[in-house]
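Q: Chain residues, written in single-letter form:
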Amino acid sequence: MNDSCDEQFSKLIRQAIKPVKGQELQRDLWPQMLRKIPDSGISVPWFDWVLAALVVIACLFIPESIFGWLLHL
Amino acid sequence: MNLSLRSAVRCSRRSEMELLERFTQGDLEAFEILFQQFQKEVYGWVIRIVRNPGIAEELTVETFWRIYRSHSRFNPALSFGAWARRIATNLALDYLKRVRKEMLFSENWIQETPPDPATQQDMRRQIQQAFNQLPPKLRLAAILALIEERPYEEIAESLGIPIGTVKSRVFRATQLLRAKLKQLGVEP
Numbered sequence: 012m013n014d015s016c017d018e019q020f021s022k023l024i025r026q027a028i029k030p031v032k033g034q035e036l037q038r039d040l041w042p043q044m045l046r047k048i049p050d051s052g053i054s055v056p057w058f059d060w061v062l063a064a065l066v067v068i069a070c071l072f073i074p075e076s077i078f079g080w081l082l083h084l
Numbered sequence: 215m216n217l218s219l220r221s222a223v224r225c226s227r228r229s230e231m232e233l234l235e236r237f238t239q240g241d242l243e244a245f246e247i248l249f250q251q252f253q254k255e256v257y258g259w260v261i262r263i264v265r266n267p268g269i270a271e272e273l274t275v276e277t278f279w280r281i282y283r284s285h286s287r288f289n290p291a292l293s294f295g296a297w298a299r300r301i302a303t304n305l306a307l308d309y310l311k312r313v314r315k316e317m318l319f320s321e322n323w324i325q326e327t328p329p330d331p332a333t334q335q336d337m338r339r340q341i342q343q344a345f346n347q348l349p350p351k352l353r354l355a356a357i358l359a360l361i362e363e364r365p366y367e368e369i370a371e372s373l374g375i376p377i378g379t380v381k382s383r384v385f386r387a388t389q390l391l392r393a394k395l396k397q398l399g400v401e402p
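These protein sequence lines map, in sequence, to chains A and X.
If you're matching positions, the first sequence starts at 12 in our numbering and goes up one per residue.
If you're matching positions, the second sequence starts at 215 in our numbering and goes up one per residue.
Because the hints were derived from the structure by calculation, they are not lab data.
Check before you lean on any hint, since a few could be wrong.
Selected chain X positions facing chain A (in silico; Cβ < 10 Å) [said to hold, decoys possible]: (1) Trp297; (2) Arg339; (3) Ile357; (4) Tyr366; (5) Leu391; (6) Lys394.
The structure displayed is predicted, hence computed values, not measured ones.
The beta carbon of each residue, even a glycine, is placed where N, CA and C say it ideally should be.
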């Protein structure tokens, strides 16, 4: 098969399937990227939230315990 | 090159090396700078292969996610762009393997130029169909070489294979396409 035949074939292919032109990225993908990175933001483990909630409840129902908590600080 | 320009180039190379070294140490800020520098390039490469803006965005993010996870393995003396492109190409190839039976080149594909009136609609559909039936590795080489007209060197580098292998894949893809089109009654 000669080169001109190959070129003719490539041309036919390009007529059927157009090359990608002018398809630029329309937006910044960094926010999407950031969501994939687990330690990129401030993330608090769930058990820390539970502990904090328990301390708040204890302070509300047993106000005297506040002094006890303060001793631990 | 004059002295001030040479020192500016040296300075920029040094800061680039510093940036890459910070990235290899897991510095998120350095990674963000590299992401901003290369996201368009990676997307531009991926969309040529997958031909779908949504999928190209997803694969671009996935490429950088893999880059981030393997930051400690990167050698700062090498090209970050070439490394990113190779990871992106492998991901795009995996995508082509997944969608093998689906239509990659759909009629809905946004085309910048109107279709050539000389080309028959039917023939165009048959060529697209024949293209979709190619094995993914051959399809990838054919998309980049025949449709996008990228140089063999660039394709070889992005796939991490010798130029000879790219040429042979394009040749095999061409042979298969001709045979399939002949079966479909199209004589190119």
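Q: Confirm or reject each hint.
A: A quick look at each hint next to the structure:
| no. | hint | in the structure |
| --- | --- | --- |
| 1 | Trp297 | violated, 17 Å |
| 2 | Arg339 | holds, 8 Å |
| 3 | Ile357 | holds, 8 Å |
| 4 | Tyr366 | violated, 14 Å |
| 5 | Leu391 | holds, 7 Å |
| 6 | Lys394 | violated, 12 Å |
Comparing the model with each earlier hint shows violations of hints 1, 4, 6; every other hint is respected.
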